[in-house]
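Participant: Starting from the given sequences, assemble the full structure and let the hints guide the process.
Respectively, the protein sequence lines represent chains A and B. Heads up, the first sequence is in this note's numbering, so the first residue is 83 and it goes up one at a time. Heads up, the second sequence is in this note's numbering, so the first residue is 234 and it goes up one at a time.
Worth flagging that the hints you see were computed from the coordinates, not collected in a lab. Since the structure is predicted, the reported quantities are computational estimates derived from the model, not experimental observations. Be careful, since some hints might not be right.
Simulated pairs of lysine-lysine, BS3-like, Cα-Cα distance not exceeding 25 Å [claimed, not checked]: (1) Lys-235/B with Lys-414/B; (2) Lys-462/B with Lys-502/A; (3) Lys-290/B with Lys-235/B; (4) Lys-502/A with Lys-235/B; (5) Lys-290/B with Lys-329/B; (6) Lys-502/A with Lys-492/A.
Not close to chain B: a few residues of chain A, all C-beta gaps over 12 Å, as computed [to be verified]: (7) Leu-86; (8) Leu-112; (9) Arg-144; (10) Asp-164; (11) Arg-227; (12) Leu-376; (13) Thr-484; (14) Lys-502.
The beta-carbon is built from N, C-alpha and C at its ideal position, and this holds for glycine as well.
One-letter residues, chain by chain:
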Amino acid sequence: MDELGPGSEIDGFRLGEIMHMGSMASIYRLSGRDGPLPLIIKIPRLGAGERAVNVIAFEVCRMVLGALAQGPHHPTLVAFGDVETTPYLVMEYVEGVRLNDWVQRAPIAPEEIARLGAALALALHDLHRQDVVHLDLKPTNVLYRPTGVAVLIDFGLAHHSHYPDLLAEELRFPVGNWVYMAPEQVLGVRCDPRSDIYALGGILYELATGHLPFGKPSTVAQLRRRLYRDPVPPRALVTDLPAWLQEIILDCLEIDARDRYASAADVAFDLANPGQVELTERGSRERRASWAMLMRRWVRARKFEPAPCPPPSTRIGPAPIVLVALGLTQSDEALFEALRDAARHLIAAEDRYRVACVTVVPPAAALSGERYEDTATGRHIKHLVNLRRWAKPLELPEERLTYHVLESEKPAAALIDYAKMNEVDQILMGAPRSGAPARLFPGVSAQVVAEAPCSVTVVRPRSEN
Amino acid sequence: MKLALFADIHSNLEAITACIAHAQALGADRYAFLGDLVGYGADPVAVLDLIEQHAAKGAVVVLGNHDAAALGHPDDTLKSNARTAIAWTQAQLGAKQRAFLEGLPLIVRDDNRVFVHASAAAPEQWIYVTSLREAEESIKAGNAGYIFSGHVHEQKLFYMGADGRPMPFRPVPGTPIPTGKHRQWLAIVGSAGQPRDRINKACYALADFDRGRLTFFRVAYDHDSAAQKVRSAGLPERLARRLERGA
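Facilitator: The structure is reproduced here in structure tokens:
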């Protein structure tokens with residue numbers, strides 16, 4: 083890999099200027115015919131003399147980025163190469179400013195810290211909601227887009243509870259950045275999102291004081307000090323620092339994960355609403371714990387039992403699915419809106435719900451039209467467009483919506499089959515309205531209710547009179 | 234190549250049929266049956282005939298301890314309900330089914346893959362791979378990139394770390410796990426025909442070798458019919474309830 087440089091090609095990607103040459107990987111901007119592309123390529127340093135953790139970090143990064151839903155808080159993974167032959171990751175180039183730029187100017191104004199910190203906490207929360215813990219949070223791994231949104235980069239040490247933890251095996255030596263590492267991480271715990279909250283506390287501390295809460299440990303013994311030692315209160319270093327900010331920082335830096343904020347969203351809320359921060363002894367603390375207290379903690383730290391990791395947010399199996407069956411042949415806006423209302427209620431109650439918008443049409447062979455709209459593909463596309471039109475007002479992110487045009491002479495059986503095959507949790511469908519032609523097909527809802535493998539809600543718009 | 238892996242089918246026709254249909258819908262083009270084809274359930278003949286058809290088309294099939302017991306090999310480890318079911322199964326099997334079972338190997342090695350019912354370290358001893366030590370022994374004896382096995386009814390994935398110690402992982406059903414060729418993997422695919430983790434859905438796994446992905450699945454099936462057949466056959470009530478409750 084040493085001969086790589088600007089102008090080299092990997093799998094058809096042309097390398098542009100080098101952006102970063104680290105101990106684990108090199109990062110280049112990709113260039114196209116007309117200049118740089120909005121993409122970067124990350125190439126792990128492999129081969130003789132390089133550490134095994136580089137390969138594993140590459141695998142982990144690929145796995146975690148590939149599993150995350152597309153969103154603003156992490157770069158989108160575009161392509162990757164095989165770990166055995168040509169390992170590389172092609173990702174979105176994030177236009178933005180590194181958090182490190184502010185850290186170098188620290189101490190900075192509390193309002194600025196609150197703004198940067200709240201954005202970072204929201205990005206962490208987005209990650210934690212997807213059962214990912216970053217575990218390598220540091221000022222060089224955070225970027226801010228021009229909109230102020232924080233972006234987390236470098237997931238090489240992350241933990242995703244749906245995948246085997248390839249890094250657990252490397253833990254004879256704590257992996258990650260020692261400066262911001264949480265006490266439980268020092269002991270090898272890799273599944274607690276509150277470890278990221280601790281690192282966030284470390285970063286806030288640095289922004290507020292210009293000092294590191296625990297210096298730069300160079301030995302495991304120095305690293306282990308944080309199992310019992312609390313940092314110098316920020317207000318002892320910067321006297322005019324507001325109590326609310328010290329309260330937040332020291333809450334994040336609690337030794338036992340159970341004593342910290344329970345979620346990054348709570349940190350974001352407090353940073354965004356300083357007036358509402360509940361001040362405790364932490365906010366007014368002026369010195370570190372007494373020597374007597376330290377002794378007691380030190381004795382305890384020798385048998386430090388890290389808090390158990392909180393259970394993953396998800397239950398066994400993928401996110402629940404609600405199937406919305408739509409008859410598109412006769413448009414009935416009142417019924418469509420009633421179905422949307424029912425779907426909104428479900429989504430509001432369970433924010434992991436995915437919505438599968440389904441319609442059933444007669445098989446293509448039954449068609450004999452000459453116009454494009456009457457051909458099988460033309461008709462299929464028309465139905466997809468209509469399904470999308472129905473779903474648009476729900477304002478759900480794209481990854482939580484799917485569209486299906488099923489071909490079958492027997493709509494009820496097709497819906498039931500689909501529900502079984504995809505382990506649908508709930509079906510929403512229109513009721514046949516008395517006096518009017520049946521919505522989907524006659525008798526369909528009755529059969530689906532009778533035979534579906536899950537709950538079925540038959541929706542009827544409220545009548546006008 | 235997409236290889237569907239089924240273990241501990243235990244004469245449950247409803248479960249194995251549902252799993253095979255699920256795998257086919259996902260594009261499976263090869264099949265492996267990892268032993269304990271019979272025992273406990275009420276459809277030994279139909280299940281064996283179905284698996285024999287797949288074997289004739291190239292599916293891998295290995296022998297399990299219940300299959301060996303059905304052939305008359307004494308097995309002291311079987312509990313009373315299991316023995317009752319084996320005695321009943323023996324009475325159902327015809328010459329065709331017996332001949333098929335008798336022809337089954339204990340372990341199959343195919344390229345970089347090993348198929349075995351229990352531990353590759355001693356297939357005939359029916360060792361339960363439940364600890365890291367047993368996993369390590371099976372992986373080392375298997376000496377292959379992928380070892381696929383059953384016997385233990387719950388889904389589990391072990392992967393060999395750089396230091397030669399296996400790491401355990403409980404798979405999340407439906408989540409494809411990247412399983413790189415540079416590591417060794419031991420996958421226990423879970424029981425298709427008699428799940429015991431309080432989830433009454435059949436277990437199986439699908440390995441996509443082209444994309445380097447292994448996905449574990451739980452498939453809903455008609456456990457009521459399977460349980461009803463167990464009752465009609467006069468087999469112990471506990472075995473019927475187990476299918477209904479998954480425990």
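Participant: State for each hint whether it applies.
Facilitator: Hints, one by one, checked against the model:
no.	hint	result
1	Lys-235/B with Lys-414/B	15 Å, holds
2	Lys-462/B with Lys-502/A	22 Å, holds
3	Lys-290/B with Lys-235/B	15 Å, holds
4	Lys-502/A with Lys-235/B	22 Å, holds
5	Lys-290/B with Lys-329/B	17 Å, holds
6	Lys-502/A with Lys-492/A	16 Å, holds
7	Leu-86	21 Å, holds
8	Leu-112	24 Å, holds
9	Arg-144	7 Å, violated
10	Asp-164	8 Å, violated
11	Arg-227	29 Å, holds
12	Leu-376	36 Å, holds
13	Thr-484	15 Å, holds
14	Lys-502	7 Å, violated
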